[in-house]
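Asks: Each chain, letter by letter, is given below.
Protein chains: 2
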Amino acid sequence: MVDASSQGSDADPRKAVVLLSGGLDSATTLAMAIDAGYECHSLAVDYGQRHRAELDAAARISQALNAMSHRVVQVDLRSIGGSALTADIDVPTEQTEGIPVTYVPARNTLMLSLALGLAETLAAESIFIGVNAVDYSGYPDCRPQFIAAFEDLTRLATKAGVEGHPFHIQSPLIHLTKAEIIQAGSALGLDYGQTISCYQADDSGRACGRCDSCRIRRAGFKEAGLPDPTRYYDEPVG
Amino acid sequence: MVDASSQGSDADPRKAVVLLSGGLDSATTLAMAIDAGYECHSLAVDYGQRHRAELDAAARISQALNAMSHRVVQVDLRSIGGSALTADIDVPTEQTEGIPVTYVPARNTLMLSLALGLAETLAAESIFIGVNAVDYSGYPDCRPQFIAAFEDLTRLATKAGVEGHPFHIQSPLIHLTKAEIIQAGSALGLDYGQTISCYQADDSGRACGRCDSCRIRRAGFKEAGLPDPTRYYDEPVG
Chain A
1 MVDASSQGSD ADPRKAVVLL SGGLDSATTL AMAIDAGYEC HSLAVDYGQR HRAELDAAAR
61 ISQALNAMSH RVVQVDLRSI GGSALTADID VPTEQTEGIP VTYVPARNTL MLSLALGLAE
121 TLAAESIFIG VNAVDYSGYP DCRPQFIAAF EDLTRLATKA GVEGHPFHIQ SPLIHLTKAE
181 IIQAGSALGL DYGQTISCYQ ADDSGRACGR CDSCRIRRAG FKEAGLPDPT RYYDEPVG
Chain B
239 MVDASSQGSD ADPRKAVVLL SGGLDSATTL AMAIDAGYEC HSLAVDYGQR HRAELDAAAR
299 ISQALNAMSH RVVQVDLRSI GGSALTADID VPTEQTEGIP VTYVPARNTL MLSLALGLAE
359 TLAAESIFIG VNAVDYSGYP DCRPQFIAAF EDLTRLATKA GVEGHPFHIQ SPLIHLTKAE
419 IIQAGSALGL DYGQTISCYQ ADDSGRACGR CDSCRIRRAG FKEAGLPDPT RYYDEPVG
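Those protein sequence lines, which keep their order, are chains A and B.
As numbered in the numbering used here, residues 1 to 238 make up the first sequence, in order.
As numbered in the numbering used here, residues 239 to 476 make up the second sequence, in order.
Since the hints were made in silico from the structure, they are not lab data.
No experiment lies behind these values; they were computed from the predicted model shown.
Glycine residues also receive a C-beta, built at the ideal position from the N, C-alpha and C atoms.
None of the hints are false.
Negatives, chain B to chain A, calculated, CB over 10 Å:
1. P251
2. R252
3. N304
4. M306
5. G427
Some, not all, of what chain B presents toward chain A, calculated at C-beta under 7 Å:
6. R309
7. V313
8. A344
9. F384
10. A395
11. K397
So that you can see chain A by itself, here it is in the shape it has in the complex (with noise of 0.2 Å):
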């Protein structure tokens, strides 16, 4: 049985939930989430995106860097379609302009709304999402102001809001550039090669070189100076 009635009445400012897609930027930000002394439980969410390998990976990078709990939660986005990563539309290889059809409708909301779930159960203060408004594709879920609109919707939505408790939304992405995204990373220790970014990666993790979020990857590491660790199953382009 669960004691509900403690929950979220006593939130814990040192216990944060952190979403761990598996990707460079989430697996950054659990390491700093660490690294600040947090105690962090990674959340993934299996929305149904192509990209499989993304969730063996979240797992991994959840044990190498001793996060106190790591879930999946499923949600199956297919019945509601409309993205590249979730629908039958091919993902692009070329830079397009606006908003990618990779984008998934209010995909963002969506994973907060998950950990805002998990951070009310486990009375955790903070929730960490990797968001980054500088090489973020042009999604509009990516964007500061995003943040602190869900932020500010978390006093109203839950019972530790209500009870005085808000959440912190922690985004310590936003500003960064890949390179210092990459160089931040690094100098924690992080194992760039556990993750995965490529949008139509295969079963083994091997990355396509040459979708959206592998050109900006690749373009990362090359500006930080260090050495990409990614492994290709085709050539990578640019």
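Given the coordinates of chain A, work out where chain B should sit on it, guided by the hints.
Replies: Coordinates of chain B only, in the frame set by chain A:
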């Protein structure tokens, strides 16, 4: 293939996503939205709730009311836990003080996130949710200020919002008593015998007559002066 390029940029003001649980409130909301002339796409969320008969009821109600489509999104909240509806906590049979253990952490935030994703995919401008701030069991995410904050969030969270097409979150029941909701739905010809409110309904949809939700529903029919079509498997309380 889905034409992703048109999503969100031409949201249809007469198209709506309606969250439909199979309960009395959401069924009334769907009847109201259809009566108001909206092309309604109903969305049920299977979040691992105990009362699975509700999901069957949702599909039946959507068909009976001639909604344009019905979808079920699976979200397995059991890995998050924290509520008597999804975790191993007993459902109370007596009136309790404050926010009850049947509160699901961040549930309406999650429901609205999923509806938002679908609304953006379908280019629907409105999202209907049957929350109610009068006979609402004390849940924080059933209040008008929460709904308003979520509507604000959609301006920042989505491709459509960023492109100048924010979503409208409609909660037509929010200030109605349970009796007024029942009167409104009955006037629209809604058959409440198809709806299930009970937190621990049996597989055939019969109600316990004793949980919070049963007590509120029963009192509503009494106050509305209308016959209660609910089938009980036990002797109702009160």
